[in-house]
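Each chain, letter by letter, is given below.
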Amino acid sequence: MIAHTLLAYSQALPQSADYQRIMPEIVLTIFGIVIMALDPVLDRERSQKVLGALALTGALAGLAAVGCMAQCPGLAFWEMVQVDSFSVFFHVLVIAIAAVVILSSYEYMAVQRIRAGEYYALILFGTVGMALMSSAVELVLIFIALEISSISSYVLAGFRRNEAASAEASLKYFLLGSFATAFFLYGVATMFGATGSTNIGQISHALQVGPVPLLTYVSVAFMFVGLGFKVAAAPFHIWTPDVYEGAPAPIVGLMSTGPKAAAFAVLLRVVYVIDVHALFWVIWISAALSMTLGNIGALVQNNVKRLLGYSSIAHAGYLLMAFAAAPAMGASAAMFYAASYAAMNLGAFAVISHFANAGERYVTLEDYEGLGRSYPMLAATLTVFLISLIGIPVTSGFFAKFYVFSAAVKSNLIWLTIIGVLNSGIGAYYYLRVIVMMYMREARRAVPATPAPFTLRLALFVCLVATIYLGVFPNGVLQYAQSSAEQLVRRSTPVPTASAPTTTVSQVP
Amino acid sequence: MNPNLNLWLIPVLPLAGAAINGFLGKKSSRTAVTTVALFFAGAAFAWALVVAARFSSLALPHEEPFAHWIRSGNFSVDFAFYLDQLSLVMLLIVTGVGFLIHVYSVGYMWDDPSYYRFFTYLNLFMFFMLTLVLAGNYLQMFIGWEGVGLASYLLIGFWFTKDSAASAGKKAFIVNRIGDFGFLIALFLLIKHFGSLNFSQVFEAVKPLAPEAAGVGLLTTIGILLMVGAAGKSAQIPLYVWLPDAMEGPTPVSALIHAATMVTAGVYMISRSHVIFERAPGALTVVAVIGTLTAFFAATIGIAQTDIKKVLAYSTVSQLGYMFMACGVGAFSAGIFHLMTHAFFKGLLFLAAGSVIHAVGGEQDMRKMGGLRRKIPWTFWTMTAGTLAIAGIPGLAGFFSKDEILWRAYQANWTYWLVGLITAFITSFYMFRLWFLTFFGEYRGEVEARGHDTHDAHGGHGHGGIHESPRVMVVPLVILAILSVIGGYVGVPASLGGSNHFERFLDPVFHSQATSGGEATAPPEGREPKTESSNELMFTGISVVVAFLGFGAAWLLYYRRPELPGRIAASMSGAYQTLVHKYYVDEIYAALFVRPLINGSTRILWQGVDRKVIDAAVNDAGYGAEHVSDEARHMQSGNIRSYAGWVAAGCAVIVAFMIWMGVGR
Amino acid sequence: MNGDGLNSIILTLVTFAPLAGGLLLMLLPRRDRDIRIFSLVVSLLTFVMSLHLPVYFRRGQSGFQFSIDKPWISTPNIHYHMAVDGISLWLVVLTTFLTPLCVLISWNSVHERVKEFFILLLILETALIGVFTSLDLFLFYFFWEATLIPMALLIGIFGHERKVYAAVKFFMYTMVASVFMLAAILWLYAHTGTFDFVAIRDQVAAGSIPNFPAAAQWLFLGFFLAFAVKVPLFPFHTWLPDAHVEAPTAGSVLLAGVLLKMGTYGMLRFNLGLFPEQSRRNAPWIMTLALIGIIYGALVAMVQPNMKKLIAYSSVSHLGFVVLGIFSFTQAGLNGAMFVMLAHGISTGGLFMLAGILHERRHTYEISEFGGLAATVPVYAASYLFIVLASVGLPLMNGFIGEFLVLTGAFQARPVYGILAATGVIWSACYLLWMYQRVFYGKITQLKNNAIGDITGVERLAVWPCALVALVMGVAPILWLSAIDPAVHDALAPFVQVASRAVGR
Amino acid sequence: MNLALFLIFGAVCVAGAVNLLAQRHPINSALSLIAVMAALAGEYLLLGAEFVAAVQIIVYAGAVMVLFVFVIMLLNAGEEELTKGSRVAIFLGVPGVLTGGVLTAWVLLRQSRGETVPAGALPGPPAELAQWLFHDFLLPFEVTSILVLIAIMGAVVLASKPDPSERKAD
Amino acid sequence: MNPSQVPLSYYLLLSGFLFVCGVLGFLIKRNIITIFMSIELMLNGVNLSFVAFAAHWHALAGQVFVFFVMVVAAAEAAVGLAIIIAVFRTRETLNVDQVNLLKL
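Protein chains in written order, with my numbering: chain E, 1 to 509; chain G, 1 to 665; chain B, 1 to 505; chain L, 1 to 170; chain C, 1 to 104.
I should point out that these hints are in silico values taken from the structure, not numbers from a laboratory.
Heads up, a few of these hints could be off.
Under the rule of at most 30 Å between Cα atoms (straight-line distance), these lysine-lysine pairs were calculated in the DSBU-like manner [claimed, not checked]:
(1) 27/G with 207/G
(2) 26/G with 115/B
(3) 49/E with 84/L
(4) 207/G with 192/G
(5) 443/B with 368/G
(6) 448/B with 162/G
(7) 162/G with 70/B
(8) 443/B with 27/G
(9) 26/G with 70/B
(10) 103/C with 161/L
(11) 84/L with 103/C
(12) 162/G with 27/G
(13) 27/G with 115/B
(14) 26/G with 162/G
Use the sequences and the hints to build the structure in full.
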């Protein structure tokens with residue numbers, strides 16, 4: 001009797017596999033807490049170094065933990081999280097992003113005199129949120145994770161609190177972000193109302209067996225608003241340039257890649273699992289709009305961060321193209337794109353954050369004149385990243401675009417492809433302007449040239465290697481992406497187990 | 001089977017000379033340069049003589065393939081040499097006269113700073129000219145054709161510091177190119193229809209064709225186009241304009257290229273293609289008419305020129321006109337005959353004129369000469385011989401050849417003959433005018449007065465004073481004088497008791513294939529009815545009279561009553577001015593073609609289309625994009641509420657759209 | 001000989017040797033002299049290696065040789081497929097031949113950022129060779145795009161006054177145009193599942209591609225636009241003069257010598273190879289554009305006050321000949337087109353070098369600044385004249401053979417086009433000789449011109465090879481044609497079918 | 001009976017919401033918001049969600065709104081001046097919202113035609129809610145702690161006065 | 001109809017109304033704090049529909065969700081107000097129309 005109840009309880013308790021399946025999150029959280037705890041006891045100078053190193057180790061440990069997590073795929077915590085190659089992919093991605101951001105933050109923090117403790121902790125916690133987003137299959141958890149990553153980035157955006165711009169960026173990001181979140185929530189609510197569940201698996205099942213109620217369309221629309229906001233897809237992109245301009249450069253690097261990638265992961269799950277065909281057109285239009293608005297807007301920008309903000313809108317557009325394409329190909333293309341975009345954009349912002357100097361004074365195109373001379377290596381590196389953003393071969397950007405376009409063409413999205421290629425043609429212009437400034441103009445005002453510290457170089461090296469590697473041997477990553485995408489899509493077709501009673505599906509498969 | 005004559009040596013030897021002088025001449029001494037140049041030119045001549053010696057033993061035409069050149073699909077052109085009577089004649093003329101002029105140039109150019117360059121060019125010219133003459137196919141002929149054009153470009157512009165010289169060279173080349181354009185099209189037609197450019201193959205293909213009695217058929221088109229090419233090279237209407245300007249070049253050049261050899265290339269080419277022409281009467285008529293007109297037209301201009309070389313230049317044009325007239329009436333051999341004699345006496349005249357100019361220190365204006373016969377007797381006498389020859393005084397070379405042509409012209413169409421006759425009169429008139437002005441009366445120049453500066457264009461000698469030219473210049477004069485006296489006797493027509501050896505010699509070329517001659521092709525000399533010959537005699541008499549009339553007029557105006565010309569000019573100044581300004585042809589061309597082209601290209605094409613249309617369109621697209629961008633960014637008002645507004649509106653749109661989709665489903 | 005052993009990897013070696021050199025160069029210290037020597041050695045080495053191709057190329061044999069075909073990316077199915085036939089063979093050699101000359105001509109003219117300059121030059125060479133050797137559409141596009149940045153940087157960093165404008169113009173023109181080609185390539189891949197040129201060609205011939213006929217015209221245009229801008233075909237040519245005028249000498253040489261050929265090569269290989277039917281259908285207007293290009297380019301060149309602009313426009317004219325020949329679909333026309341490509345590469349390359357030499361002395365390209373130079377710099381003047389004559393198309397020079405064949409072909413296909421195009425021989429004489437006269441003849445107008453020195457040793461090393469090759473190509477074109485002819489015959493094979501099909505209808 | 005209560009609470013909600021918009025002093029807005037929340041708690045009770053209702057009162061109306069009021073006091077925010085900041089919001093946003101709202105309302109009606117909620121129809125007592133919260137939704141619940149942690153840190157970082165060592169970087 | 005039965009649609013309409021009011025507030029209010037309050041209003045609207053649907057489906061998940069929403073709202077409130085304070089410190093204003101340094 002008692003034994004039976006014990007057994008029942010032990011059944012009721014999470015199994016070790018459950019923990020293993022969220023191992024990276026656990027590790028990151030632990031490191032974040034440790035950093036928080038250490039922050040007060042260390043004096044500023046040491047804290048910069050020690051905490052930074054600690055954060056980096058945390059991120060790397062997180063990466064290792066992903067390996068451990070990848071060991072046992074499956075659902076965990078009563079269908080809260082789903083560990084599959086898809087989520088593993090995004091785990092690796094976001095945690096790697098965090099690591100690079102941490103690396104490139106060292107110098108920046110010293111220069112900008114930012115308090116290390118909370119900064120690193122927030123990055124780690126934010127990463128937890130992103131990681132969870134990629135693996136969560138329960139709208140509740142998705143919502144929480146989304147909020148974690150969002151709130152941490154709100155705070156990080158405002159970290160240069162003495163700068164009015166930074167505070168404003170933070171405010172804008174925060175207000176609009178929670179605004180959009182409210183929409184997302186309303187979508188969730190209506191979805192719950194339409195299907196009676198908040199679990200993606202069950203929702204998709206419900207939608208596939210029963211008739212699709214009209215309410216679902218509304219809810220999908222609302223959810224798209226929320227997620228579209230996070231990925232900066234038109235027409236919900238407007239916040240991006242302002243926030244990117246105001247936020248600290250390394251954080252922009254983070255925001256433009258990490259949460260975006262995570263949000264795309266969620267979008268992928270939602271789009272392919274809650275498979276409402278009407279969304280296709282919404283995505284089509286949104287993609288076209290994002291590309292065009294982003295590129296057009298960037299043409300006349302003078303502030304490099306802002307320029308890259310617009311460019312990130314455009315890239316979100318390219319990424320959405322993949323969503324419009326046929327599931328398997330589209331998903332893999334999108335995943336590859338997210339990865340390569342992360343590589344090049346992080347690199348670009350790492351360089352920018354170095355050039356920016358104290359108080360981020362040197363972020364206009366004029367400041368970039370003649371940098372080819374003063375910092376040959378850094379300028380060359382930035383050039384590579386820009387070339388990759390343009391989408392010229394031997395860089396990841398080229399393949400990323402290539403896969404997206406070919407996916408689109410394969411699914412006969414000829415017009416979308418035309419718009420895309422035209423945009424990538426136009427888009428070349430403003431990246432080229434930066435290159436022009438660096439190499440073809442002579443410096444008119446003296447920009448202090450401080451040598452890049454080792455950490456930054458390391459970060460750049462990582463990004464550079466990633467960019468070139470993905471640009472020459474995209475095969476490995478791409479194949480991984482494809483296999484996981486196929487899994488994802490296959491799951492979107494109904495499987496009865498997904499709708500089994502809640503309490504019993506937590507055994508290790 | 002013919003023995004291998006190594007014909008390739010003939011052109012290649014001068015080329016070697018050119019190469020050696022071109023690369024080493026700058027450093028080496030004048031003597032060395034001279035040796036090289038003369039040796040290689042002479043060697044070519046020698047080899048030509050060898051060939052001539054062995055000629056009788058050859059089966060003709062004798063073809064010598066040399067090397068592959070172009071192979072494209074089943075179309076191929078190779079380097080090959082083609083020897084028959086015609087090319088042998090040309091060969092001997094070119095090498096012989098060419099060698100003499102080389103010799104002459106040694107003296108004439110001795111003081112020129114870039115002596116070696118001159119001989120390099122001269123040898124180069126020989127190479128191309130011989131390639132032209134010996135070519136076994138039209139394309140190889142085209143090599144020579146363009147090559148001599150290049151050589152004349154270089155030699156006319158030899159004194160390039162003179163703008164006039166440089167422009168003249170350019171003009172010559174471009175006008176020639178216009179002719180070559182026609183030539184090229186002709187070649188394309190040949191390729192398209194006969195699939196080959198080899199003389200033998202083309203002619204074999206053409207022979208079976210019937211003459212195109214009426215209308216412009218294929219052969220007629222080809223013929224006319226070839227004539228365009230010939231007109232360019234041989235300075236016929238309307239493309240003769242370059243030749244007078246070409247006198248900017250050193251006098252030996254004028255003698256060699258612009259009198260003896262190059263300009264006759266057109267005649268050679270036409271005669272070479274006689275197989276085609278004989279079957280294209282229309283084309284022949286064109287040739288004849290152009291030739292006749294040119295002959296007359298140029299001669300009239302010759303009257304009013306005062307520059308001694310210009311006079312000769314126009315006379316050259318007019319004489320070439322005669323040759324074309326001959327070809328046009330199908331008397332190809334007569335044309336070639338005149339070509340040869342003309343090579344002798346016109347070469348002589350130019351060299352003599354050069355000697356005169358040399359003597360009076362670079363002065364070319366006949367009004368500043370006079371009374372020179374005592375001072376430079378050799379020049380005087382040789383020049384006299386030349387003048388008589390060209391004027392058609394009986395017994396000299398020019399007489400026979402010109403008479404032959406006129407007679408044939410009459411047989412074809414009496415108008416040709418009439419015009420030719422008048423031209424003959426004018427010719428003898430302006431030639432004697434030149435003769436009188438230069439050598440009679442008293443000297444009107446001032447050479448004794450001024451020392452002759454060395455780097456004057458006509459690189460004369462150091463000391464002033466009128467004097468006979470050095471022996472090295474005189475010897476060629478004498479030889480040419482002799483030739484132009486006796487040169488005609490190889491072709492004395494039967495009517496004058498001769499037995500036209502020359503024509504018989506060329507007979508196999510021109511009549512052996514003449515299966516079906518149109519009315520234009522005259523019957524061969526041998527089978528000529530006796531009654532004709534008395535007629536011919538009469539016509540000969542007429543032309544002789546005309547020649548003497550010309551002499552008389554010149555004597556009257558420029559020796560007996562030297563003041564008359566001025567009065568005449570004054571009384572009919574309009575006509576006179578027209579003649580002096582060569583009928584304003586250059587001006588007309590400039591106004592018609594050159595200026596419109598330049599301005600049009602500048603204003604309409606470059607500034608207009610390129611800048612204002614295409615570039616503007618492109619740039620505007622760029623600016624447009626930036627403008628749009630500038631507008632679009634006002635979406636980014638920076639106001640949070642506006643942003644929220646966008647979000648809300650976008651959300652509303654999407655919701656509406658989705659509902660629509662949902663309901664529609 | 002171990003030639004056969006090399007055959008499989010030789011293309012890889014030739015293609016990537018310069019890149020390797022460039023990467024090594026990055027590591028070298030900034031000692032300009034060493035850098036110059038090093039890059040000269042690298043480029044010469046590449047040239048020598050590339051000579052393996054013509055030496056061991058089996059003449060008279062059609063099809064691709066020295067081919068290497070290894071899977072590179074499994075999905076999408078991209079292969080590392082390289083090979084040359086008689087067409088691309090010579091373009092590769094042309095590239096490797098011109099690059100050392102570029103190094104030499106830049107020996108003293110590039111003073112600052114020497115390292116970057118040569119790195120870019122070598123990278124550019126690799127990209128160019130890659131364009132000509134790759135038979136995988138993707139690989140082709142890969143190299144095609146890869147040429148953009150180095151060239152743009154060469155113009156933009158080392159150019160003259162309006163370099164930025166020129167660089168951006170060049171970049172945007174080609175970038176925007178080539179994305180359409182990308183779209184077309186993607187379509188082909190989506191419907192054939194392969195990027196392999198040969199495979200796609202065969203499928204097209206077999207007509208086994210779903211709804212190909214519907215899309216073919218658009219695909220054709222997609223490719224054609226990219227190529228036409230590169231060529232540049234009227235009216236897409238306006239980037240060329242600016243790019244040339246601003247580019248450094250070496251840049252101009254490679255731009256005119258090789259980059260433009262990418263366009264014509266592309267037309268020959270891809271437009272004709274993949275879309276014979278559309279090529280035939282579109283030939284009339286394309287030939288018309290080419291014709292306009294020939295005459296228009298020549299006329300505009302004639303009135304240019306700037307030497308480099310003049311040469312640039314003359315390139316427009318010459319490339320017009322190439323396009324005309326290609327779209328005449330005749331053996332002679334295509335042979336001629338190929339030959340003009342090579343000849344133009346040599347002679348125009350030489351002209352640009354000579355112009356650069358002059359610019360080095362006087363820092364201007366304005367023709368009016370000169371005059372009477374023949375007296376002060378005889379050797380230079382002679383070399384210039386020689387190259388000018390080659391470019392004018394004098395018989396026994398390289399220019400003539402190609403133009404003659406092109407005109408023959410065009411005339412066979414469409415007599416009127418042939419005749420009109422033949423006027424080109426007049427125009428070229430006009431503008432080049434006039435320019436030559438204004439620069440070298442007449443009296444010396446400016447005292448500065450008395451001081452300028454004659455062509456130096458290094459410059460001779462750069463220029464004279466061009467002159468020599470120009471002559472050899474004119475005298476013994478057979479050496480080249482014997483390899484080109486069969487390849488062209490191949491390229492024309494589908495047209496025989498199309499013609500027969502057309503007859504069949 | 002239920003309906004009557006619903007209408008009463010609903011009326012309060014509507015009034016509060018409208019008042020929130022109407023009022024120009026933040027304090028008034030805050031108070032009206034509190035009213036809305038309280039009324040909502042009533043609605044929750046009607047729907048039988050006692051626990052939620054309680055939390056609504058304690059957390060929302062209590063903690064959160066107190067925080068708001070506190071901040072308003074801290075920054076002694078005055079009357080808001082009606083600046084013309086954004087035409088977009090008024091001429092694009094508002095109509096958009098209204099249409100969107102109307103459409104959504106239509107869909108909601110269409111969705112739940114005639115369906116009614118039985119009084120106190122509660123699927124389970126708080127105990128069961130706990131079962132969900134601490135068993136099925138254990139992970140989100142735990143993760144929430146991170147969220148709170150972040151919130152605290154963020155508040156500390158952003159709201160705390162910049163310490164002298166962190167002087168304005170210039 | 002049974003007066004003790006409240007149609008589900010009433011709850012939904014009410015929640016929708018609250019949500020719309022929140023959006024409108026965001027659009028028309030100038031005071032940052034008020035705008036933030038309107039967001040809270042929106043969330044409340046959402047909560048109401050959650051609870052209503054929960055009752056309708058007899059699924060407690062809805063109520064749990066509401067619980068989480070509240071937590072999040074609280075957290076957001078903490079951060080948001082902190083941000084507002086930071087902004088006020090730098091800009092000395094709470095009028096949203098004047099917080100537009102970053103634009104274009």
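Taking the earlier hints as the rules, which of them does this structure contradict? 1, 2, 3, 7, 9, 13
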